[in-house]
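Visitor: Put together the whole structure using the sequences plus the hints.
Residue numbers (the working numbering), protein chains in the order written: chain B, 557 to 935; chain V, 557 to 935.
Don't read these hints as lab results, they were simulated from the structure.
As the structure is a prediction and not an experimental result, all values here were calculated from the model.
C-beta atoms are modelled at their ideal positions from N, C-alpha and C, and glycine is treated no differently.
Just to be clear, a hint being listed does not mean it is correct.
Below, a list of computed lysine-lysine pairs in the DSS-like style, where the Cα atoms sit at most 30 Å apart [claimed, not checked]: (1) B:K736 x B:K836; (2) B:K605 x V:K664; (3) V:K664 x V:K605; (4) V:K836 x B:K836; (5) V:K605 x B:K845; (6) B:K605 x V:K921; (7) V:K605 x B:K836; (8) V:K605 x V:K909; (9) B:K664 x B:K736; (10) V:K845 x V:K921; (11) B:K605 x B:K836; (12) V:K605 x V:K845; (13) B:K605 x B:K845; (14) V:K924 x V:K836; (15) V:K845 x V:K909; (16) B:K605 x V:K836.
Stretch by stretch, here's where chain B covers chain V in the computed footprint (C-beta under 8 Å, at least three residues) [what the hints assert, rightly or not]: (17) 589-603; (18) 619-630; (19) 708-719; (20) 852-860; (21) 883-892; (22) 921-930.
Number of protein chains: 2
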Amino acid sequence: MTIPDFGYQRLGTSGRARRGRVTTAHGTFETPAFMPIGTQATVKTLDSKEVEGTGAEIILGNTYHLYLRPGHELIERLGGLHRFMSWNRPILTDSGGYQVFSLARLNKIEEEGVTFQSHLDGSRHHLDPELSMQIQIALGSDIIMALDTMSPYPANEERAREDLERTTRWARRCRDVWLKHGHPGTALFGIVQGGVHDALRLQSAEELIELDLPGYAIGGLSVGEPMEECFRVLDGVTPALPEDKPRYLMGVGRPEDLLDAVDRGVDMFDCVLPTRNARKGSVFTSRGKLVIRNRPYAEDTGPIDPDCDCPVCTTYSRAYLRHLFSTREILGLKLASLHSVSYYQRLMRDVRKAIEEDRWDAFYKETKQRLGLGWDDGR
Amino acid sequence: MTIPDFGYQRLGTSGRARRGRVTTAHGTFETPAFMPIGTQATVKTLDSKEVEGTGAEIILGNTYHLYLRPGHELIERLGGLHRFMSWNRPILTDSGGYQVFSLARLNKIEEEGVTFQSHLDGSRHHLDPELSMQIQIALGSDIIMALDTMSPYPANEERAREDLERTTRWARRCRDVWLKHGHPGTALFGIVQGGVHDALRLQSAEELIELDLPGYAIGGLSVGEPMEECFRVLDGVTPALPEDKPRYLMGVGRPEDLLDAVDRGVDMFDCVLPTRNARKGSVFTSRGKLVIRNRPYAEDTGPIDPDCDCPVCTTYSRAYLRHLFSTREILGLKLASLHSVSYYQRLMRDVRKAIEEDRWDAFYKETKQRLGLGWDDGR
Chain B
557 MTIPDFGYQR LGTSGRARRG RVTTAHGTFE TPAFMPIGTQ ATVKTLDSKE VEGTGAEIIL
617 GNTYHLYLRP GHELIERLGG LHRFMSWNRP ILTDSGGYQV FSLARLNKIE EEGVTFQSHL
677 DGSRHHLDPE LSMQIQIALG SDIIMALDTM SPYPANEERA REDLERTTRW ARRCRDVWLK
737 HGHPGTALFG IVQGGVHDAL RLQSAEELIE LDLPGYAIGG LSVGEPMEEC FRVLDGVTPA
797 LPEDKPRYLM GVGRPEDLLD AVDRGVDMFD CVLPTRNARK GSVFTSRGKL VIRNRPYAED
857 TGPIDPDCDC PVCTTYSRAY LRHLFSTREI LGLKLASLHS VSYYQRLMRD VRKAIEEDRW
917 DAFYKETKQR LGLGWDDGR
Chain V
557 MTIPDFGYQR LGTSGRARRG RVTTAHGTFE TPAFMPIGTQ ATVKTLDSKE VEGTGAEIIL
617 GNTYHLYLRP GHELIERLGG LHRFMSWNRP ILTDSGGYQV FSLARLNKIE EEGVTFQSHL
677 DGSRHHLDPE LSMQIQIALG SDIIMALDTM SPYPANEERA REDLERTTRW ARRCRDVWLK
737 HGHPGTALFG IVQGGVHDAL RLQSAEELIE LDLPGYAIGG LSVGEPMEEC FRVLDGVTPA
797 LPEDKPRYLM GVGRPEDLLD AVDRGVDMFD CVLPTRNARK GSVFTSRGKL VIRNRPYAED
857 TGPIDPDCDC PVCTTYSRAY LRHLFSTREI LGLKLASLHS VSYYQRLMRD VRKAIEEDRW
917 DAFYKETKQR LGLGWDDGR
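Guide: Structural data, given as structure tokens:
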């Protein structure tokens with residue numbers, strides 16, 4: 557299926573790592589790519605120019621949150637999510653399913669759809685594949701995700717099969733709506749389920765590939781299983797995915813996890829870690845995590861990360877950041893977030909360059925080793 | 557007294573309004589000037605580049621807060637407040653007295669100084685004129701304020717006289733420390749007290765003028781008295797202040813109050829209103845206050861203020877701001893603050909231009925009239 561406003565171009569490989577470019581109705585983004593999360597039409601604490609300044613080329617919006625507040629119909633009347641939040645590059649929205657299962661009070665899953673109560677006010681809502689598509693299309697997303705049902709960890713084979721087969725049936729219903737109302741201009745991704753059961757993952761991939769969707773995500777991972785299990789599943793399933801379409805590993809993860817997933821041929825990522833941890837005073841650096849609110853940094857005149865050229869590291873000291881967290885100043889949340897989002901984007905730039913220059917394996921080893929060094933701050 | 561690193565140049569007048577320029581060790585600022593408040597080494601929610609982008613040329617830091625956290629000695633070891641918060645333009649610090657009287661639990665005022673308990677942890681501290689100078693000099697402020705004792709409103713003549721005479725005696729002690737340790741490089745301002753008693757205000761001004769300080773502030777106003785009383789006091793006291801030195805009205809105020817004070821020859825202002833109100837969802841505009849978190853703005857695609865060219869008004873809609881406040885997103889606090897600080901700075905630029913072009917009276921009337929218009933939003 558040719559989608560005028562969407563395409564994946566594989567620019568090169570190094571080892572199993574892929575270097576690519578995705579074209580959408582709002583421009584291109586380079587892969588491997590990390591998408592900062594803009595849950596409620598903002599990457600928390602950052603304005604759209606700051607997000608752009610980090611080098612992020614695509615962000616993720618949350619369907620569940622935007623459906624509840626301010627409502628997809630309101631955003632559509634105001635000209636769509638891009639205009640609403642003043643972000644003119646690609647946007648991917650999730651299906652809303654993950655939040656219904658994790659955040660809302662779930663009432664029941666039926667073949668038709670799910671019923672849930674809002675985490676905000678307990679109001680009752682119904683979400684099904686058709687509505688998920690309508691919401692995401694109304695928001696004006698460039699990439700929309702099919703509604704799926706994921707298996708918890710651990711889930712036995714029966715439960716995992718049930719979830720994956722429902723996910724396939726729902727993906728067909730999503731595709732029908734998308735072809736009618738969202739196509740062209742919007743690209744629908746299917747989500748591979750199957751828990752940690754390799755055969756089920758392959759079954760899910762095969763069933764979704766039959767639908768010939770523009771891209772494929774791997775869902776239901778990073779839900780509590782050991783990371784080795786996650787990567788074992790990836791080892792099994794990524795080779796089964798089409799080479800000419802982007803592969804998106806949902807909800808992963810730490811910098812070292814991104815490296816391990818790129819090493820297995822994944823192209824796209826999202827995760828709350830850089831922003832959520834930053835707001836708790838923990839930032840990511842080239843040598844691993846640094847808890848900036850800790851006392852040893854009270855008189856540290858150096859930047860968060862001497863190897864970082866972000867606006868925070870070139871302007872402010874660890875001592876200043878530590879002071880902002882000690883005094884609960886809102887600016888601390890912003891500066892820590894800006895740094896960590898910048899760090900993730902720089903990591904992905906370095907990842908892409910290493911693949912381009914066909915030195916992936918060396919880069920992978922060196923970077924993982926450096927991430928384990930930590931900071932010699934006497935703790 | 558000539559201070560190499562400090563001076564006030566009167567560039568012109570229009571009516572009673574003065575257009576001037578103040579030179580400090582960290583460069584000049586144009587007057588009339590409004591100083592955003594950077595209580596804890598940050599203008600709340602804004603980074604230093606954002607503050608600079610609003611056009612602010614000088615900010616105010618709070619001695620009381622910085623003394624408690626992170627401590628003036630720590631900031632001195634790290635190279636001073638300018639470096640700590642990455643603000644390379646002038647900084648004025650208050651004496652700490654106002655917060656001791658308003659925020660801390662005051663234990664007693666004696667001739668020697670004041671004893672108080674921290675609002676943070678109840679720890680006992682002592683502040684006197686000498687320590688206030690030492691703290692402000694350690695912070696590296698360009699303009700430091702003498703420690704004063706202000707009279708509450710209403711205060712009878714006896715209480716007001718007692719406060720003003722103590723303020724004069726403390727100003728002499730401040731001057732001794734400043735001449736020894738802070739001069740040159742730092743400019744000490746005295747604070748005129750005397751409640752709402754005109755004769756006492758004149759007595760206070762005369763006593764302080766004898767000390768030949770680089771600048772004079774009018775304190776103890778905007779503490780609950782009707783604004784007409786405030787302006788009546790200004791009418792009486794500003795003509796008694798030296799024409800060749802800057803005049804700073806402390807803690808005032810709303811945009812219309814700034815106009816009324818400029819109209820009485822005041823050069824410098826500070827106030828928490830633009831930042832504090834912004835964090836509550838109320839912003840300042842050319843037509844007066846606008847409560848952006850209110851429902852009527854939910855679908856308003858226009859900017860906060862169509863007459864504003866700030867980064868918020870040129871990028872985001874009222875609907876987006878309203879959404880951010882509805883969902884308690886931190887970005888809302890930042891965008892509202894950035895707009896309101898920008899608005900105050902633009903107002904002061906317009907004020908200065910009107911004085912330069914000798915059309916102050918017309919500008920004053922037009923601007924006050926427009927501030928009363930409000931927004932036709934059906935409420």
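Visitor: Would you mind confirming whether the straight-line C-alpha gap from K924 of chain V to K836 of chain V stays at or under 30 Å?
Guide: holds, 24 Å
Visitor: Residue count check for the stretch 619-630 of chain V against chain B: does it reach three with CB-CB under 8 Å?
Guide: Result for this restraint: holds, n = 4.
Visitor: Taking only the CA atoms, is the gap from K605 of chain V to K845 of chain B under or equal to 30 Å?
Guide: The given pair, whose Cα atoms are some 27 Å apart, holds under the 30 Å limit.
Visitor: Are there at least three residues in the stretch 883-892 of chain V whose beta carbon sits under 8 Å from a beta carbon of chain B?
Guide: holds (count 7)
Visitor: Assess, step by step, whether the Cα of K605 of chain V is no farther than 30 Å from the Cα of K836 of chain B, and give holds or violated.
Guide: holds, 24 Å
Visitor: Holds or violated: are the alpha carbons of K736 of chain B and K836 of chain B at most 30 Å from each other?
Guide: It is violated: about 44 Å lies between the C-alpha atoms, which goes past 30 Å.
Visitor: Given the hinted pair K845 of chain V and K909 of chain V, is their alpha-carbon gap at most 30 Å?
Guide: Between K845 of chain V and K909 of chain V the Cα gap is close to 23 Å, so the pair holds against 30 Å.
Visitor: With the threshold set at 30 Å, check whether the alpha-carbon distance from K605 of chain V to K909 of chain V stays at or below it.
Guide: holds, 24 Å
Visitor: K845 of chain V and K921 of chain V were given as a pair; does the straight-line alpha-carbon distance stay at or below 30 Å?
Guide: Status holds; Cα separation ~18 Å.
Visitor: For the stretch 921-930 of chain V, do three or more residues have a beta carbon lying closer than 8 Å to a beta carbon of chain B?
Guide: violated (count 0)
Visitor: CA of K605 of chain B to CA of K836 of chain V, is that 30 Å or under?
Guide: holds, 24 Å
Visitor: Would you check the hint for K664 of chain V and K605 of chain V, treating anything up to 30 Å between C-alpha atoms as holding?
Guide: Roughly 41 Å between the alpha carbons, so the hint for K664 of chain V and K605 of chain V is violated.
In this structure, the earlier hints numbered 1, 2, 3, 6, 19, 22 are contradicted, and the remaining ones agree with it.
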